[in-house]
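Taking the hints into account, I'd like the entire structure generated from these sequences.
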Amino acid sequence: MHKTKFLDHVILLCGVFLMMAPVVVAFMTSTHDAVDVHMNGLQVTWGGHFTDTYKDMLLKKGGFTGEVTGARMVMNSFILGIGFATGKVILSMMAAYAIVYFRFRLGVVFFWMIFTTLLLPLEVRILPSYEVMTKLGLVNTYTGLIVPLLASATGTFYFRQFFKSVPDELLEAARIDGAGPFKFFFDILVPLSKTMIAAIFIIMFVYGWNQYLWPMLMTNEESFYTLVRGIKQILLVWVGSQIPEYNQAFALAILAMLPPVLIVVIFQSWFIKGLTESDK
Amino acid sequence: MAQVTIENVSKTYSGDMRAVNSVSIDIADGEFIVLVGPSGCGKSTLLRMVAGLEAITEGSIRIGERVVNDVEPAERDIAMVFQNYALYPHMSVRQNLAYGLKNRGTPKPEIEKRVADAAAILEIGSYLDRKPRQLSGGQRQRVAMGRAIVREPAAFLFDEPLSNLDAKLRVQMRGEIKQLQKRLGTTALYVTHDQLEAMTMADRIVVLNAGRIEQIGTPLEVYRNPESAFVASFIGSPAMNLVPAHGESGNLRVGEHVVAMSNGHAVPDSQFMFGVRAEDIRLRGEGEDADMELTIDYVEELGAGRLVHGRIGGARLAVSLPSGEPLSDRLHLVLDRDRLHIFDHSTGRRVRREMETAG
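Note that the protein sequences, when read in sequence, are chains Y and B.
Heads up, the first sequence stops at 638 in my numbering, and the numbers go up one at a time, no gaps.
Heads up, the second sequence stops at 402 in my numbering, and the numbers go up one at a time, no gaps.
Some hints here could point you the wrong way.
Stated by the list, open to error - Straight-line Cα separation of at most 27 Å, DSSO-like style, residue types lysine-lysine; simulated pairs: (1) Y:Lys541 <-> B:Lys225; (2) Y:Lys590 <-> Y:Lys419; (3) B:Lys145 <-> Y:Lys541; (4) B:Lys221 <-> Y:Lys541; (5) B:Lys174 <-> Y:Lys522; (6) Y:Lys541 <-> B:Lys151; (7) Y:Lys552 <-> Y:Lys541; (8) Y:Lys631 <-> B:Lys174; (9) B:Lys145 <-> Y:Lys552; (10) B:Lys174 <-> Y:Lys552.
Hint data in this document are derived by calculation from the structure and do not stem from the laboratory.
Encoded structure:
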């Protein structure tokens, strides 16, 4: 028995090592200066330039126009991530509420229409979406960045399943207690969905945070750059004999990783509850 | 407080599914009515129509003087207790009780007073600030009752409220609900599939079968004089013995046995089902002629007595006998002539005999 346990841990530790090693290497490399990285490649030791690198990365204006700082990119990423996640939660909750609790004409048809959009991710409809946004004049705006991504079959589907598991008697009790559709939604359904909302918010935040293709298409002003795009941009600045700021690229990568990781770590208990809890 | 009048109410679902068929019940103010029947008999549908959760296809329902067919559930002045209690899981007990009043715009001090009163009546004061999930089944049941009480409704509607409790608690809550209802004097409509609940709680029982009323009456009436074979087999435990038989010049013939009937008890000369309760059969006394002979299959010891299951001819029969004495394989039995029931062979309705029509 004891031996098996030991082996289990070895396997787990291997996994941890595989997952963590690249992150550690990236972090260590980011604490060296650019020349060092250029000459000696990836680093696994502490380089001592931690504060310099991160200060530069956050505050020094860079990019092609020299307008965008790391801090600005962090802000943009947050706007995208939070706006995306919030919008998606609200929209899919309302859609699911309509589908589950209201009998309207062609309700089932609408549900399946929403459902089939699962087959049409953004990448498939990226050109028409872009065209619509251009015609609406929403290129280079946060609205244009966020809104086309919002309609979500996944979110709607999760909430639909959840609402369906809420006992009918609760609705009936609320009706007898004099709660109309709005009251029932806000007083009963939303508080009940708390953990579910948290779970979907986390998933969607990470998804929004990691968006690359759509922001690249929708925004060409550097002031709209997100972290994920910024990493690439730093490496592209290769003017003459100038060495790309590898250390800053790694620092950005670390920074880009941090918020999603933190959110998942902090909210993981909620997250697990939201996906597994059936105690209503 | 009000009377509830159900008049020729029917419920038809899409297609020709008739869940409730032309049901009429007059419920007096303060009366405790129990709707009982097997699953699918329409009892819950009927209750939900009174509550306003289910549309009424035909007929009308009045609460007090008002026809409530098209009135929203919240406006009907009723309170409902659900089988799974349907407490709001994210609200404390206090909030659960207050929610309906708050929605109605009752002033705060009034809400607090009513919640405190209800809590005192139901002895739930000590856990007003807990969430439903921290409570046991019995406590949740009380909270659900509390939620009904604070509204001070014209009528309580109970939808199998005790089915989720264990047997011991069920007996206890049965008594408490009954007492509470008497104390508050509120009209109550109670749905259950458990005939024992119906017998013990009701002022009057309504037995439903396949969407129709089989019989309305006090528990004793329904038990003693079932109007149909269905009621006879549904009410009472063990169920009434129903045995195919026929009349032979006024006497009862069951298989090879002939049960002699005196004048008043004479049975019609035709095919019918005869019914007799297990406790209305006794062992033959000294020097007495037996009516029939029972071959024993098995015996259930109940402590206070025992239930002997056996056969006469091909038909099954249960007999309730005192415990203790050893039994032989075959029992010589005598029927209580006053407690025999005759049901029509095809319709299952009660066939009245001379002595019944007389008085």
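Going through the hints against the structure:
1. About 34 Å separates the Cα atoms of Y:Lys541 and B:Lys225, which puts this hinted pair outside 27 Å; it is violated.
2. The straight-line distance between the Cα atoms of Y:Lys590 and Y:Lys419 is roughly 16 Å, inside the 27 Å bound, and the hint therefore holds.
3. Between the alpha carbons of B:Lys145 and Y:Lys541 the distance comes to roughly 11 Å, so the proposed pair stays at or under 27 Å and holds.
4. Restraint check: the Cα-Cα separation between B:Lys221 and Y:Lys541 comes to about 34 Å, which exceeds 27 Å; the hinted pair is violated.
5. As the CA atoms of B:Lys174 and Y:Lys522 are separated by approximately 23 Å, the hinted pair is consistent with the 27 Å bound.
6. Note on Y:Lys541 and B:Lys151: the hinted pairing holds, with a Cα-Cα distance of about 19 Å set against a maximum of 27 Å.
7. Under the criterion of a C-alpha separation no larger than 27 Å, the hint pairing Y:Lys552 with Y:Lys541 is consistent with the structure, at around 16 Å.
8. With a C-alpha separation of about 18 Å, the suggested pair Y:Lys631 and B:Lys174 falls inside the 27 Å cut-off, and the hint holds.
9. Restraint check: the Cα-Cα separation between B:Lys145 and Y:Lys552 comes to about 23 Å, which is no more than 27 Å; the hinted pair holds.
10. Note on B:Lys174 and Y:Lys552: the hinted pairing holds, with a Cα-Cα distance of about 16 Å set against a maximum of 27 Å.
In this structure, the earlier hints numbered 1 and 4 are contradicted, and the remaining ones agree with it.
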